[in-house]
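What follows is the residue order along each chain.
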Amino acid sequence: MPTLQKTFQLKPYPRGFNLIETEIEDNMPELKDIKAGIAHFFIHHTSAGLTLNENADPTVRGDFERHFNKMVPENMDYYQHTQEGPDDMPAHIKASLLGSSVSVPIQNGKLLTGTWQGVYLCEHRNHAGSRKITITVMGN
Amino acid sequence: MPTLQKTFQLKPYPRGFNLIETEIEDNMPELKDIKAGIAHFFIHHTSAGLTLNENADPTVRGDFERHFNKMVPENMDYYQHTQEGPDDMPAHIKASLLGSSVSVPIQNGKLLTGTWQGVYLCEHRNHAGSRKITITVMGN
Amino acid sequence: MPTLQKTFQLKPYPRGFNLIETEIEDNMPELKDIKAGIAHFFIHHTSAGLTLNENADPTVRGDFERHFNKMVPENMDYYQHTQEGPDDMPAHIKASLLGSSVSVPIQNGKLLTGTWQGVYLCEHRNHAGSRKITITVMGN
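Chains as they are written, first to last, in our numbering: chain W, 36 to 175; chain F, 36 to 175; chain P, 36 to 175.
Hints were generated in silico from the structure; no laboratory data involved.
Glycine included, every Cβ here is placed at the ideal spot set by N, Cα and C.
Treat the hints with caution; some may be incorrect.
What the hints assert, rightly or not - In silico SDA-like pairs for lysine to any residue, Cα to Cα no more than 20 angstroms straight-line:
#, chain 1, residue 1, chain 2, residue 2
1, W, Lys105, F, Met106
2, P, Lys105, W, Asn104
3, P, Lys41, F, Leu146
4, W, Lys105, P, Glu100
5, W, Lys67, F, Lys41
6, P, Lys145, W, Thr42
As the list claims (entries may be wrong) - Chain P residues, not near chain W, derived (Cβ > 12 angstroms throughout):
#, residue
7, Tyr48
8, Glu60
9, Glu89
10, Pro93
11, Glu100
12, Ser136
13, Val139
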């Protein structure tokens, strides 16, 4: 089977941790034809990331935002890359801590995520606009 | 070659960083037939993760646990997701910092890890029980 | 198409965050024949990592180094794995925070990275020497 690949824009999300699994699945209906494989989700940016985490309780996503802001604070005196605003350099660091891609097994036409796993867009900029994603699906 | 895929339960591990490479290899004997490819290990949970790190000295794994407990402490006053106990919200954050999958090249039937690289189950809950893993192998 | 796979040594880089995308592309000219797929870059070490981040302003890479040294300090009193020097245990932790691989979509013979995305070698040891990388390319 040829590799399936699609690049598209997410709708804009606010700063914080946002569930995007439904939006991703809507953009890749061909998933349903894959018996076994891997879906790779990739974000084309360096100030936002992707991760998998709890998909039910919104306070989890709020706690992520609050903790990341403490672990990677704004306005540290050692930041030299400051010309794009106080949220910019922390956004780069958070993006690499979380990563620019997640990959998930596909089985019988569905993402084989756990019951509580959802795909997060980790948006670290205050005013980012729409983000670009590429989905690549390999399998049979 | 069709995609190889297998889902199974790990035996339960205590909180901390645990070497699971032998257990993973025992569950995927078909690896030996792959000349070149990728093995993808995926955990179906949001309070435990997978990573690759040093496989020889157990104090490395202890230092990981001690440092992660400092970097992502329990009982922070800004945590709102607290109903499942003080270890729960830190477990979610640690899981995303480390990631829910690792992928490793396969060459001539073997995982092409470095001499000192082993697969860690990063177990962040106090009493988690068995964790579910899916291995997906793609290649020729 | 068979899986493309190549293992090679990077030239040595100093401690810190170093752009290596050109060196990686020079080692995998076969990329240009792939219409759609995934390139997987893997580092065979536990005290250095790979990530994608901003490829233009060198102060970003300096801020990464300064922030990681604060988030994962040397000489913490709870480190027990100390026999290889004060930079060693922090190097292991940083390596897992950033990860041992990055994977990037390939489209029409090119890495489909964003305008500002470059591949970083995250070198956490003071005197590491050359690091070993394996590139695996799957696709059509």
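The hints, checked one at a time:
1. Of the supplied pair hints, the one linking Lys105(W) and Met106(F) holds, its CA atoms being roughly 10 angstroms apart against a limit of 20 angstroms.
2. The hinted pair formed by Lys105(P) and Asn104(W) meets the criterion: a straight-line CA distance of about 15 angstroms does not exceed 20 angstroms.
3. For the given pair, Lys41(P) sits about 14 angstroms from Leu146(F) by alpha-carbon distance, which is consistent with the 20 angstroms threshold.
4. Distance hint between Lys105(W) and Glu100(P) is fulfilled; the C-alpha atoms sit about 18 angstroms from each other, no more than 20 angstroms.
5. Distance restraint check for Lys67(W) and Lys41(F): the Cα-Cα separation of roughly 19 angstroms lies within the 20 angstroms cut-off, and the hinted pair is therefore satisfied.
6. Note on Lys145(P) and Thr42(W): the hinted pairing holds, with a Cα-Cα distance of about 14 angstroms set against a maximum of 20 angstroms.
7. No Cβ of chain W comes within 12 angstroms of the Cβ of Tyr48(P); the nearest lies about 17 angstroms off, and the non-interface call holds.
8. Every beta carbon of chain W lies more than 12 angstroms from that of Glu60(P), the smallest distance being close to 17 angstroms; the non-interface claim holds.
9. A beta-carbon of chain W comes within 12 angstroms of the beta-carbon of Glu89(P); the shortest separation is about 5 angstroms.
10. Under the 12 angstroms C-beta cut-off, the non-interface status given to Pro93(P) relative to chain W is violated; the minimum distance is some 9 angstroms.
11. Distance check on Glu100(P): its Cβ comes as close as 10 angstroms (rounded) to a Cβ of chain W, failing to clear the 12 angstroms threshold; non-interface status is violated.
12. The Cβ of Ser136(P) does not lie farther than 12 angstroms from every Cβ of chain W; its closest approach is about 10 angstroms, which violates its non-interface assignment.
13. Against chain W, the non-interface label of Val139(P) is violated: not every CB pair exceeds 12 angstroms, the least being about 7 angstroms.
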